[in-house]
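Peer 1: Since chain A is already given, all that's left is putting chain B on it; use the hints.
If you read the protein sequences in the order shown, they are chains A and B.
FYI, the numbering for the first sequence is 1 to 202, going by full-length UniProt numbering.
FYI, the numbering for the second sequence is 1 to 202, going by full-length UniProt numbering.
Hint data in this document are derived by calculation from the structure and do not stem from the laboratory.
It cannot be assumed that every hint is accurate.
[Said to hold, decoys possible] DMTMM-like cross-link-like pairs, simulated, lysine to aspartate or glutamate; straight-line CA separation at most 25 Å: (1) B:K38 / A:D125; (2) A:K37 / B:E9; (3) B:K39 / A:D119; (4) B:K39 / A:D162; (5) A:K38 / B:D55; (6) A:K37 / B:E90; (7) A:K39 / A:D11; (8) A:K170 / A:D152; (9) B:K37 / A:D91; (10) B:K37 / A:D125.
[Stated by the list, open to error] Some, not all, of what chain B presents toward chain A, calculated at C-beta under 8 Å: (11) P71; (12) I103; (13) E136.
[What the hints assert, rightly or not] Covered stretches of chain B, as calculated for chain A (at least 3 residues, CB under 8 Å): (14) 9-17; (15) 42-51; (16) 139-146.
All values reported here derive from a predicted model rather than from experimental measurement.
Ideal Cβ placement from N, Cα and C applies to all residues, glycine included.
2 protein chains.
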Amino acid sequence: MSGRSGGPEIDQLIQLLARLPGLGPRSARRAVLHLIKKKETLMVPLASALDRAVDSVMTCQNCGNVDTISPCHICTDPKRIASGLLIVVEDVADLWALERAGIGAALYHVLGGTLSPLDGVGPEDLNINSLVQRVETGDISEIVLAVNATVDGQTTAHYITDQLQSFGVKISRLAHGVPVGGELDYLDEGTLAQALKARTNF
Amino acid sequence: MSGRSGGPEIDQLIQLLARLPGLGPRSARRAVLHLIKKKETLMVPLASALDRAVDSVMTCQNCGNVDTISPCHICTDPKRIASGLLIVVEDVADLWALERAGIGAALYHVLGGTLSPLDGVGPEDLNINSLVQRVETGDISEIVLAVNATVDGQTTAHYITDQLQSFGVKISRLAHGVPVGGELDYLDEGTLAQALKARTNF
Numbered sequence: 001m002s003g004r005s006g007g008p009e010i011d012q013l014i015q016l017l018a019r020l021p022g023l024g025p026r027s028a029r030r031a032v033l034h035l036i037k038k039k040e041t042l043m044v045p046l047a048s049a050l051d052r053a054v055d056s057v058m059t060c061q062n063c064g065n066v067d068t069i070s071p072c073h074i075c076t077d078p079k080r081i082a083s084g085l086l087i088v089v090e091d092v093a094d095l096w097a098l099e100r101a102g103i104g105a106a107l108y109h110v111l112g113g114t115l116s117p118l119d120g121v122g123p124e125d126l127n128i129n130s131l132v133q134r135v136e137t138g139d140i141s142e143i144v145l146a147v148n149a150t151v152d153g154q155t156t157a158h159y160i161t162d163q164l165q166s167f168g169v170k171i172s173r174l175a176h177g178v179p180v181g182g183e184l185d186y187l188d189e190g191t192l193a194q195a196l197k198a199r200t201n202f
Numbered sequence: 001m002s003g004r005s006g007g008p009e010i011d012q013l014i015q016l017l018a019r020l021p022g023l024g025p026r027s028a029r030r031a032v033l034h035l036i037k038k039k040e041t042l043m044v045p046l047a048s049a050l051d052r053a054v055d056s057v058m059t060c061q062n063c064g065n066v067d068t069i070s071p072c073h074i075c076t077d078p079k080r081i082a083s084g085l086l087i088v089v090e091d092v093a094d095l096w097a098l099e100r101a102g103i104g105a106a107l108y109h110v111l112g113g114t115l116s117p118l119d120g121v122g123p124e125d126l127n128i129n130s131l132v133q134r135v136e137t138g139d140i141s142e143i144v145l146a147v148n149a150t151v152d153g154q155t156t157a158h159y160i161t162d163q164l165q166s167f168g169v170k171i172s173r174l175a176h177g178v179p180v181g182g183e184l185d186y187l188d189e190g191t192l193a194q195a196l197k198a199r200t201n202f
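Chain A with its partners taken away, still in its complex shape (with noise of 0.2 Å):
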């Protein structure tokens, strides 16, 4: 029982929503006593939206993108197919962030994770063969390894320039840096020292 005293629908729709990433049980029930508040202007559309996301939402074969159609839009772009720009990142998220940058017109690969032996991933658990697939077959003339600069995520990067080597596209990979707003007495030495090392002229 998630404390409450209706039906069990309002139960199982508390459980449901506390299984979210960031929500638990109380904030549940607080979302929960919202929806039903804001029945019309929120709860109907929300159950309809969520509706039409189940029949329509897919995978894209090609990168690994979530969108309605597949290949997705991304992958149909005839502005980013002819940029020939691919940025491997590790998940849907990342794409979405780097969408959200606003980078201008590039393709995607999702990985669906990072190579960690200890966990038991390896190349085979990622979309690696398709992502070599892709540069074997496609006009990829640069790869961005936009991993995070985490050591699984790097070694993910060495694997997959590893890979790639043979086919003589260019890779290259985020920098390392400041955050834009960040202030260097709350940084890492690891990064004031890449900072260092990477300065630019001013």
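Peer 2: Just chain B, lined up with the frame of chain A:
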């Protein structure tokens, strides 16, 4: 644009989820990605739970609780009716909180807020008339005013006490005191003074 690159279905879902209390655009995006990843085990059940809730959830005409029937399960429970105990709360969340506390058989009355002249909330905006009617016609022997210990809450409690004075029903309020597990050092002086005044034998 919520910052993604799929169809409008995903965008709309993010925007609606971001309107839930406790969620913002960032956590709504994370929630939607989680839903898409767990399509069969979470997104589909959540969509149908919402559909069922839209169809079935209503406000109890008697007490203001939310349930799938009206009068609700609480109002029609013979054990609760026999108790003669009516607990007045500000909103449904408070009712749920008391039920989780396992306080035993009791009826409830949900006011829907507190009197607040500054915000233009008068007695006619709350379920006070229906409370008076319930006390007038029902077998209520005791009323507990379980409103928040705020100025508005206490004002509301006084107003309700005035309205019910003529019925000769016993009216009490929740005890003030030290929260279970609470440290004295962190409590305000008002609570400490009340807790001392209402001290009990050990």
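Peer 1: Sort out which numbered hints this structure fails and list those numbers smallest first.
Peer 2: Numbers 4, 11, 12, 13 and 16 - these are the hints that the structure violates, sorted from lowest upward.
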